[in-house]
Amino acid sequence: MINAAHNPFVIPTVVLMTVATVAIGFYGLRLARTTSDFLVASRMVSPAWNAAAIGGEYLSAASFLGIAGLILKNGVDVLWYPVGFAAGYLALLLFVAAPLRRSGAFTLPDFCEMRLGSRRLRTLATVFVVFIGWLYLVPQLQGAGLTLATVTGAPYALGALLVCVVVTANVALGGMRAITFVQAFQYWLKLTALAVPAIFLVLVWNADGRPSPVDGLTFPQATVVTIEHPATLTMTDGSVLTVKAGDELTFPAGAAVPAVAGMADGLDWLLPGRGGSLFGTYSLILATFLGTMGLPHVLVRFYTNRDGAAARRTTLVVLAMVGAFYLLPTIYGALGRIYTPQLLLTGDTDAAVLLLPSAAIGTGLGGQLLAALVAAGAFAAFLSTSSGLLTSVAGVLATDVFGRGGSVHTFRLAAVAGGVIPLLLALNVASLDVSQVVGLAFAVAASSFCPLLVLGIWWRGLTAAGAVAGIVTGGGAAVAAVLVTVLGPPLSGWPAEAVAQPAAWTVPLAFTTMVLVSLATRRHLPGTVGATMLRLHAPESLHL
Amino acid sequence: MSTDTPDNSRYVAVQATDEFAGLRKSLRNFIFPMTVAFFLWYALYVILCAYARDFMAIKVIGHVNVALIFGLLQFVTTFLIAWFYSRYANQRLDPIADRIRAELEGPEDAK
Numbered sequence: 001m002i003n004a005a006h007n008p009f010v011i012p013t014v015v016l017m018t019v020a021t022v023a024i025g026f027y028g029l030r031l032a033r034t035t036s037d038f039l040v041a042s043r044m045v046s047p048a049w050n051a052a053a054i055g056g057e058y059l060s061a062a063s064f065l066g067i068a069g070l071i072l073k074n075g076v077d078v079l080w081y082p083v084g085f086a087a088g089y090l091a092l093l094l095f096v097a098a099p100l101r102r103s104g105a106f107t108l109p110d111f112c113e114m115r116l117g118s119r120r121l122r123t124l125a126t127v128f129v130v131f132i133g134w135l136y137l138v139p140q141l142q143g144a145g146l147t148l149a150t151v152t153g154a155p156y157a158l159g160a161l162l163v164c165v166v167v168t169a170n171v172a173l174g175g176m177r178a179i180t181f182v183q184a185f186q187y188w189l190k191l192t193a194l195a196v197p198a199i200f201l202v203l204v205w206n207a208d209g210r211p212s213p214v215d216g217l218t219f220p221q222a223t224v225v226t227i228e229h230p231a232t233l234t235m236t237d238g239s240v241l242t243v244k245a246g247d248e249l250t251f252p253a254g255a256a257v258p259a260v261a262g263m264a265d266g267l268d269w270l271l272p273g274r275g276g277s278l279f280g281t282y283s284l285i286l287a288t289f290l291g292t293m294g295l296p297h298v299l300v301r302f303y304t305n306r307d308g309a310a311a312r313r314t315t316l317v318v319l320a321m322v323g324a325f326y327l328l329p330t331i332y333g334a335l336g337r338i339y340t341p342q343l344l345l346t347g348d349t350d351a352a353v354l355l356l357p358s359a360a361i362g363t364g365l366g367g368q369l370l371a372a373l374v375a376a377g378a379f380a381a382f383l384s385t386s387s388g389l390l391t392s393v394a395g396v397l398a399t400d401v402f403g404r405g406g407s408v409h410t411f412r413l414a415a416v417a418g419g420v421i422p423l424l425l426a427l428n429v430a431s432l433d434v435s436q437v438v439g440l441a442f443a444v445a446a447s448s449f450c451p452l453l454v455l456g457i458w459w460r461g462l463t464a465a466g467a468v469a470g471i472v473t474g475g476g477a478a479v480a481a482v483l484v485t486v487l488g489p490p491l492s493g494w495p496a497e498a499v500a501q502p503a504a505w506t507v508p509l510a511f512t513t514m515v516l517v518s519l520a521t522r523r524h525l526p527g528t529v530g531a532t533m534l535r536l537h538a539p540e541s542l543h544l
Numbered sequence: 545m546s547t548d549t550p551d552n553s554r555y556v557a558v559q560a561t562d563e564f565a566g567l568r569k570s571l572r573n574f575i576f577p578m579t580v581a582f583f584l585w586y587a588l589y590v591i592l593c594a595y596a597r598d599f600m601a602i603k604v605i606g607h608v609n610v611a612l613i614f615g616l617l618q619f620v621t622t623f624l625i626a627w628f629y630s631r632y633a634n635q636r637l638d639p640i641a642d643r644i645r646a647e648l649e650g651p652e653d654a655k
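Line by line, the protein sequences are chains A and B. Just so you know, we're using the working numbering here: the first sequence kicks off at 1 and counts up by one. Just so you know, we're using the working numbering here: the second sequence kicks off at 545 and counts up by one.
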């Protein structure tokens, strides 16, 4: 495997990027004084900053590395993921952004109490915010460990520890306003770190006579491939070779790349919908489409808009930024087939973005600098997503677990507690599949907070008992699916599919339960429902 | 959460006005059809990928096939819907909101 361990620029660049992150955090610290500053940045953040900040935390490592790897391996199939992420933002804009902002609640549990006046529901929402937050934090920290290990050969624990310490310190000391600046900085850093090498890669590809990423793949130089996962290879002469982990294969420069069973090959690479079942696809679409609005770190960002019009403008800019960003992993995935075809054999496709610059441009100064830039960008992705998650987890812990006072001191304590637990999990849990856990976090959010928000905002008939029942049944089922996936025995057949991508049945379950139980407990409608609904839907210029 | 106690009779009065009902109706008239339309368009992409593979494989320019163009168009439509909504809200919804405010605050306070 091509290793960047000899690249002297990686560590300084990552350190520089981390120091810049911390510096911006401290710059923000001078501005953050009261609890309200910490939690929602006093609603003074402009749409452009806010949108960059949302992009900064939304475009996590899974998008940065995972999608390029998936495209390398599976072809344009994977466009479903980013389209779903973008569409999820549209659903958020249309259904919840403006009313939620007008509700005046700081956090999701606040919203529950404001809309339905139930302490029990508030506690349940707290549990789900923390669970979704941690579920999303663990793979971020693990990914950071793996990235640092890939590019420098450092032990796995170091990367996870580094990200966790930087993020916790930044969140604890700066709070949300600092985090807004940090996140916005991270977005532009990520975009630069992917875009600049991509331009050079496309130039190199052009100079090489535009080799096709679709068929006739060859090794650009003599390559020794160490197999990491058992596979069945079909050589170009038609012979079939079964390899096991640890086998070494030597290919001379210009040799044709064998086809790997189960991976897209030739023209099939350009066609989505080959691998995976239709159920899994629908489930994933439902999870990304409806789960975005239920992710706590995404929601809290809408509270920082000045008014409804600013919230709408923010979403518009976010959609443009997300769309622009996802073009880049597509380029990496396609070029990865030409310049790092050995990843198809080793199965280590997530490393494509990290290894591509030195593989295509060479190990000279230019290639090394670009490789270092990409590594710093990947690290920025881990830092920014983790910061956003930790801010919302800490915010909820501070108000609902460590007492209701909500002092700055309490918030700091909550940030430390919120950061330590996922670190311990990341260091101890055996390697989880990053993109799958991210999908599960979306599924849990889509089966718990999505029905609560949509029905809570658009249906006056929702009762506290109905909301609790819906979250416990639908969200609980999704959580159970997560636990079975992570801890349980390997499954096969349809139970395996239903558990791996649960959203297609847990989301309807949550909605149905919520509606039916609400209808059954109609007599317990909160008396203030008329006033609450007006507050959610009336323009804020009314100052009611 | 806000600490001021809302005056319930005032809320109820606003709730009962035709303008408020109209505001919510205009909002729903945009949001629900648009969501259904977008979801169908997205589902069409997935279904064509699953069942109309020959059509999706038609090459347009070089290796760029119909499937790829469809996928990129999904991004474009997402953005366009968000842009339409923003315009609709600014042009149609905000004026109604301003009218409600003017009525609620009485002729002497209104600008």
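It is worth saying that the hints were derived from the structure and are not from the lab. Fair warning: this is a prediction, and the values are worked out from it, not measured in the lab. There could be a bad hint or two in this list.
[Said to hold, decoys possible] A partial selection of chain B residues facing chain A, derived with a Cβ cut-off under 7 Å:
{"no.": "1", "residue": "Pro-577"}
{"no.": "2", "residue": "Ala-581"}
{"no.": "3", "residue": "Val-590"}
{"no.": "4", "residue": "Gln-618"}
For each residue, glycine too, the CB sits at the ideal point set by N, CA and C.
Here is how each hint holds up against the structure:
Annotation: interface hint on B:Pro-577 violated; nearest CB of chain A at approximately 11 Å, more than 7 Å. Checking B:Ala-581 against chain A: minimum C-beta separation of about 12 Å lies over 7 Å; hint violated. Because the beta carbon of B:Val-590 sits about 6 Å from the nearest beta carbon in chain A, less than 7 Å, this interface hint is met. With a least beta-carbon distance of about 4 Å to chain A, the hint placing B:Gln-618 at the interface is held under the 7 Å criterion.
The structure fails hints 1, 2 (numbered hints given earlier, in ascending order).
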